[in-house]
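Below are the chains, spelled out letter by letter.
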Amino acid sequence: MEVKTSSIMGFLGPFLLLVLAFYFVPVILTVILSYTSMDYKLSWDFVGFSNFEHFLTQSLTYKILLTTLIYVALTLIFNVGIAFLLALMTTYFTTHENTAMFFRAIWLLPRLTPVVVYCLLWMWIFEPTQYGLFNTILSLFGKSSSIDWFSAYPMGVIVFANGFIGASFGMVTFSSAIKSISRDYIWSAQVDGAGDWQIVRRIIVPMIKWEVMYIFIWQTLSLLNSYVYILILTDGGPLHETEVWSLYSYHKAFKYMEFGNGAALSLLLVIIGIVFTFIGWKIFGFRRMMGQEVSR
Amino acid sequence: MKVLLDNITKIFGRIIAVNNLNLEIDDGKLVVLLGPSGCGKSTTLLMIAGIYRPTEGEIWFGDKVVNDLPPRDRKIGLVFQSYALYPHMTVFENIAFPLRLKKENKEEINRKVREISEFLEINELLERKPIQLSGGQQQRVAVARALVKSPDILLLDEPLSNLDAKLRVMMRSELKKMQMRLGITTIFVTHDQSEAMTVADKIAVIKNGVLQQYSSSDELYDLPRNIFVATFIGSPPMNIIEGSIQYEGGNLFFLNPDVRFSLPKDLEFVLKQKRNTKDVLFGVRPEDVNISMKETTQDSISWIIDMVEMMGRELLVTLSRGKTILKTLIDREHSPSIGDRVNIEFSGRVFLFDKESGKNLLCEE
Amino acid sequence: MKDKRPQGLAKHKVGIKSKREKRGKRAQEVRGEAVTFSRRNEIISTIIMTIISIPIFLSYLWLFLSSFSAKMWHGLIPLSFTLHNWRFLWEPIKFGAVMHTSIWPITLNTLLLAFAVTFFEVLISTLSGYALSRFRFKGRVVIQGMTMILHAFPGVALLIAIYYVLYTIRLLDTLWGVMLVKIALEIPMSTNIVKGFFDNIPWDVEWSSFVDGCNRWQTWRYVILPLLKPGIAAISLFSFLSGWGEFLYIYTFIFTSKKQTLATFLNSLVGEFKFVDYGLLSAVATFYMIPTLLFFIFTQKALLQMSFGGRKA
Ligand SMILES: Nc1ncnc2c1ncn2[C@@H]1O[C@H](COP(=O)(O)OP(=O)(O)O)[C@@H](O)[C@H]1O
Ligand SMILES: [Mg+2]
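Protein chains in written order, with the numbering used here: chain A, 1 to 296; chain E, 1 to 365; chain G, 1 to 313.
Not one of these hints is a red herring.
Distance ranges between label pairs, derived from CB positions:
id	chain 1	residue 1	chain 2	residue 2	range
1	G	236	E	170	53 to 59 Å
2	A	9	E	167	50 to 56 Å
3	G	47	A	156	22 to 28 Å
4	A	101	G	233	18 to 24 Å
5	A	102	E	325	57 to 63 Å
6	E	111	G	136	56 to 62 Å
7	E	240	G	233	48 to 54 Å
8	A	282	E	181	47 to 53 Å
9	G	102	A	181	51 to 57 Å
Hints in this document: simulated from the structure, not taken from any laboratory.
Just so it is clear, the structure is predicted and the values come from calculations on it, not from any experiment.
Each residue gets a CB set at the ideal place from its N, CA and C atoms; glycine is no exception.
Chain A on its own, in the form it takes in the complex (with noise of 0.2 Å):
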């Protein structure tokens, strides 16, 4: 359809105006900001490199660095390992619909749910009494004395809430795309001479890898940008245990109001996001728009 121009803007008007505002602004403002060392004041005071070479003195900055490694390898292991498991579970080992149904069903609720309540509901399983849902457990099966996972565990902590997060986007992804797999491959392994295992291992495994590949980009992006839940429950805390990347850049910036500087720790971020999704989107977007331009 022809249109002109000014009617196009009429319909992408307000989308460009948004993005132009609250991404690609940003986006400079970061670069530039990370140049000054501005405070509360938001006063512009250019101090060249000196925030950078301010982190790269710092041990705190390597420890912190290494955290977010860690956290990021653990949970996405925990998130994609569960996914995978919980939509091989509802799709492949079920017969009965409604079981696979309510299980489904169950994993979507924790996404649906607002931040603070999901937080509140890890602190009461986590609970350092014997209150708490796991110190029960542990209870049950004989163990006296309650632990206190926050100060005991407190990567576990954060690595098991968002890693619950996680799995249910995976789960969703990973069992459309087993769902999708036509049923005359299984049937033909099976003939084949395939038993269970095999049918997943040689079958569905690699059927799904361009999905499996896309959750674990996706999920290694946000992950290095999800800082909500480790804010509200542990605070970085203790001791800067669970303190990650962005994380830290927020308490720059938004704790100790230290602007320049938490701008500087977001540029990393912001660069990697920047890589991240170019890399996603030849792989990924670049392909499925090629499809829908095609089948036009």
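Assemble the complex: chain A is given as a structure, and chains E and G with the ligands must be docked to it using the hints.
Frame of chain A; chains E and G with the ligands shown alone:
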């Protein structure tokens, strides 16, 4: 291996996909399951393969009941209409897959794959991925994968339906040749009656999950058991005319307001025993109707040519007389034109079916 | 007579619908019929699923039960019933010397934010999705690629700069500012989704509706809108819930306690009553969960069928 289906029924929820099916397939024969789509052919095949479990009845391979045997233990090869070639494996890996699962050693696998791919003339393609193959090549690979573990029974579910018309005709005779050479018991599912007629030793015609007739191609054509088989087999389909039969002066006639055919003498004896049937369907194949311009017998006067369709070597001519319509296949030399008045003559068999039950009245019970 | 549905339209609709239903049925029957199916594996998998799901269903159960009980055995099994935890509905909560404001204005704030986000997000994304799907113009491919890249780009990484943007346009410490940020960071995704829905409405359907005698408006009313409804419903639902649950932007961009929402309210209660009064916390949280639960109960089937690829976690 001989296969026996003994009172097989399959029910999905409220749908009866296969209804009390009895079928005996002799060792080394090629049997076709034929019927319109949705009649339960695939379901039957999948039960033989062990993918579905029959709701009732027993499946025998040789002298063993295999109902509880999983597919991998049944020694069968299976080819789907979609071929189901694993897209992430090369042709070689696809064919070797069943052998690898049996944990055969490498040389053995190599040898068998080469052997079968030479047999099917796909040895040039072994390094390719399925997506790089044409439809016909994919089909051969699927057959190779089914045959590589030397199964006792080969199951083919519409194996030719995804090919274009020309290739289909070629592949069906190749499949038949291959089957005869290997002497493997084969069950072949299709909805295409001409395909069925050319490859089958025996054909099982199925409608709505019920077996209609199980016999050789010839018998199916010459002596259809009921109106469904009669009209399903043969192309263009048999002419069917509603009417009744009457005896007049020792002769037998088929009548309706428009036509009056005298029936051959040899039908009389058969029909005498079924005297109570008056309402019948009269059937004659288009290839058994001749037309001529000259007046012959009293009951074949003046049909009008309504339509002439070119069918290649022959012409399909639609004739009408009152409300009755008759199609006929004739040579092109006749060059009839629309509106002409012609006479007809039956040169082959005519059939009579009971109007209510659809049964062929000329078959013995 | 005028608004009578032109003939032939019904057919399109039915065609599309029944196709979808068929696909659903095929997918449902996975392998229950198979002889190979090993009951043992199914039982094992159900057990594993149950075990890994325990934290989820027990914690939601706890939330509900504990809001109505005065005492819980091991925090799990209620021993007595009370409504005391729900006192915040009729009186302000005291903590030490601090008196929290009543919950109702806060609820109203939350509701307004959620509705505003929903309304503008649906409106803007429908406009831009339609344009990207149906108009040919220069730069379309660029903008389309942009929506996909931005869809994946983590907006929270920009929080500091966005703070400065809001400060500059004087929307810091306003719910309008929060709303704008929220919409902006979600709009690439919803635009993508809406575009997808439009792409799935083939031109033929639009054309044949013209042939069947529809004018442009009737085409929208009888053909496009019905086909688009599920998509719009889904986006509304998700943007409502995401607006309703929003925490970080309010926590960061709002300083006045009168402007807070249930998220920050509950968060500050958690800070004060954690490990002390779970009864109160779970009652407030349950109250906060009401819309979520309603949506969940009434729409979960639809939600599950829609694979929501790429919703930011
Ligand atoms: N897995 C299934 N679940 C429910 N109904 C089925 C299933 N498979 C086949 N059917 C139904 O059984 C009937 C026979 O199907 P099928 O054997 O596939 O037919 P054919 O192969 O002859 O075309 C059809 O009505 C079909 O809808
Ligand atoms: Mg079939």
